[in-house]
Structure formats: C-alpha cells, structure tokens
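Trainee: Sequence:
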Amino acid sequence: MESVIRFLNVVVSIVFLAFSWSCFAITLPKDKAEATYHYYDGGGVEVSGPALFVRKSVADTVSVTASYYVDAVTSASIDVETYASPYEEDRTEYSVSADYVENDAKITVAYVNSEESDYESDTIHFDYQEEFFGGLTTASLGYSSGSDDVLSNTSDFKDFADHEFYRLGLSQVLTPVFLIRANYEHVSDKGFLGSPYRKSVVNGVLFDENLPRTRRSDAFSFGADYFIETWSAAIKAQYRYFSDTWDVKADDFRLSVTKSLRSHWIIEGWVRYYGQTSASFYQDQFSSIFQYRSRDKELSDFDSYSLGIGFEYLIEDTDWLKEPSFAIGSEWIRYQYNDFYQYQNGDFNQNNNKRLYEFDATIIYVSFSTGF
13 MESVIRFLNV
23 VVSIVFLAFS
33 WSCFAITLPK
43 DKAEATYHYY
53 DGGGVEVSGP
63 ALFVRKSVAD
73 TVSVTASYYV
83 DAVTSASIDV
93 ETYASPYEED
103 RTEYSVSADY
113 VENDAKITVA
123 YVNSEESDYE
133 SDTIHFDYQE
143 EFFGGLTTAS
153 LGYSSGSDDV
163 LSNTSDFKDF
173 ADHEFYRLGL
183 SQVLTPVFLI
193 RANYEHVSDK
203 GFLGSPYRKS
213 VVNGVLFDEN
223 LPRTRRSDAF
233 SFGADYFIET
243 WSAAIKAQYR
253 YFSDTWDVKA
263 DDFRLSVTKS
273 LRSHWIIEGW
283 VRYYGQTSAS
293 FYQDQFSSIF
303 QYRSRDKELS
313 DFDSYSLGIG
323 FEYLIEDTDW
333 LKEPSFAIGS
343 EWIRYQYNDF
353 YQYQNGDFNQ
363 NNNKRLYEFD
373 ATIIYVSFST
383 GF
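All letters in the sequence shown, in the order written, are residues 13 to 384 by the working numbering.
In case anyone wonders, no lab produced these hints; they're calculated from the structure.
From the three backbone atoms N, C-alpha and C, an ideal C-beta is built for every residue, glycine too.
Treat the hints with care, since some could be wrong.
Said to hold, decoys possible - Below, a list of computed lysine-lysine pairs in the BS3-like style, where the Cα atoms sit at most 25 Å apart:
| # | residue 1 | residue 2 |
| --- | --- | --- |
| 1 | LYS366 | LYS211 |
| 2 | LYS44 | LYS334 |
| 3 | LYS261 | LYS211 |
| 4 | LYS42 | LYS366 |
Unchecked claim - Derived CB-CB ranges, DEER-like:
| # | residue 1 | residue 2 | range |
| --- | --- | --- | --- |
| 5 | THR39 | THR330 | 44 to 50 Å |
| 6 | VAL74 | SER97 | 29 to 35 Å |
| 7 | GLY203 | TYR285 | 14 to 20 Å |
| 8 | GLU132 | LEU267 | 33 to 39 Å |
| 9 | ASP372 | THR73 | 29 to 35 Å |
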C-alpha cells in the first residue's frame, strides 16, 4: 500500500462550533507540543513510528511550527510477493512552517522534506485565509509545489516527478451551532508517476509497466458540522468527489460523531466509505502490449470501508503544562478489489486458481499533547 505508507498520518480531533459577533480578527493557534506513535498493519505491510510536533508564538502576530515523522516499513505485500522480495526500510519526514496574522487574515508558508531509500520529496506550501462578516465567513486559497526524485534499490534507475496543487475553500456559519464548508483542489503531476518495481501482465508474462507522464485531477468536497448542545456532541459529515485525466473517478463519504463524557473524557467515532473506478490503462491481465499499461491495484476498481473510534482524556493543568491531554484510537479498514486478482503461487497462467484480492487493515495511534 504505497499510498498508505506515504500519507499515513493519524490524528484525533474535536470540533466545537463558536459564534461571536465581537470576533473581528483571526488569532494565532495556541502554543502546543505533541508526540504520537502510529501503527498500521494490513495487506502484508506493517508501518510504525513516532511523530513529533511543536508550535510556538514568537511575536504577537507570528508563530512557527516544526514536525518530525518516521515510518518504519516492513513489506511483504501482494505486489512484493509478485515482483520482488520482502523488504524493510525507513521513511523520515521533516517540516517547518510559519503563520502570520494581521486583523482578519492569516498567511501560512511551509516546507516539507520526505526521504526514503528510493524516494525523496521536497514540497513548499503557501496558504492565505481571511474572515468576513465578523468571522461568520472564511475564505481560503492555497498553492503547493513538490519535486520528487524517484530511484530504485535494485538498479540504476533514476527519474523525477513534479507536482502542483491549487486549493480554494469557503466555510459559512449559518447558526450558532451549524457550519457548512466547500473545498476545491486541482493537482497537476508530470514526470515518472509509477513504480520502477511494478510489472504489468501480458498473456501471463511480466513486462515493465508504462504510465503516462502527465496527470491532472480535480476534487470537490462538501461538508457540514452540527453541534448538539444538549448532548455535548458534534456531528460532522463530508462528501468528496475526485476525477482525473486517467479516467479514475472516486466517491468518498465520511461521518463522525464527537461527544464529551463528563468533564475529562471525549470520545469520537467515525465511519467512511471510499470507492473508485479503474484507470483507462489498467488491466489485471493484458491480451497484447499497449502503449500504456499498469497492474497497480491502486489504479483498479475497488471499494474500502472503515470504522474508527478514539478517546481523549483531558488532564488537569500544572505549572508547566496547559490543557494537556492523552489520546488513543484505532481504525479498521476493509479493502475489496473488483478487478485485481490474487493468483496461486504467482502463476498468472492458472486462471482457475485465482480469486479477487481483499484484505483488512488496522491503524492504532497513541498521543500526548499539551500547551505551554
């Protein structure tokens, strides 16, 4: 699960909606330090490691943030079983950012570096956010640019991949307890967008996969947050639609409920469904050699279902710690592939001994955070 390994980042959060006509300016986020341990196990892949996060104000209008993230990866996935040998490697990610606030506006700039043995990525981010009508309406726009070096641990292969992200967002407080939001993102990719290890299958024979060197995608998301005061609970719903020039189309639904329990406990539960169609050049097996071809299961037609729960315990303040808390949670995910098959002993010529691939995954996280 390359996409899971690269972007796994588990967090627990709660949204309590606020309404105030006297709020005329964006404020800096609070000073905060957080340490998290995450663990993923699914499809023959194990990913684990720590994540550290620190945010500190350096002036009345400026705060800086630094984070460090590690993935220790052990992989014996179905792709590895088919094309290579099991492996172990580490991925590290560093990021720094700064927020600048002036009246109703906030500017954020950030830099992220991610490294592993056969992949290195550098990304810069710029985001602008402004509030209107006494803080009831918030508009945002953003831009990111990424440059990746793609290598191989088994050959002298070397290539590049560049990415550009454009973001627009709008949120509106409709009542003291009801907020709606809409977001749009456009992504433009170019360069080597596949894997140097993955193969396509043509009449039972393995060939290097070949993907287009450009890809453009658009994603629209719509959501709503509703706070039920009598239950001390917040309900959040979101739908996201994705489409790209590779003919992949995806629907993503998520519903979560967050509730305060007594004075120190917060519980969050969520469900999610994700489904996508396959890329135009994806096939489990090809009958002949086409210009573009891939057997990447992440480009196939598949569905996933997830169910998660998280707990947060709010600890009493001390002389050194402000609003400290401890959180723990877990998520179960089911992946079902509709045109990606698992072949007995990796023999692609035994069509009678194949079955559609599916697997379960589990994510666990533990974190401690505090203000200071």
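Trainee: Tell me, in ascending order, the numbers of any earlier hints that this structure violates.
Mentor: Numbers 4, 5, 6, 7, 9 - these are the hints that the structure violates, sorted from lowest upward.
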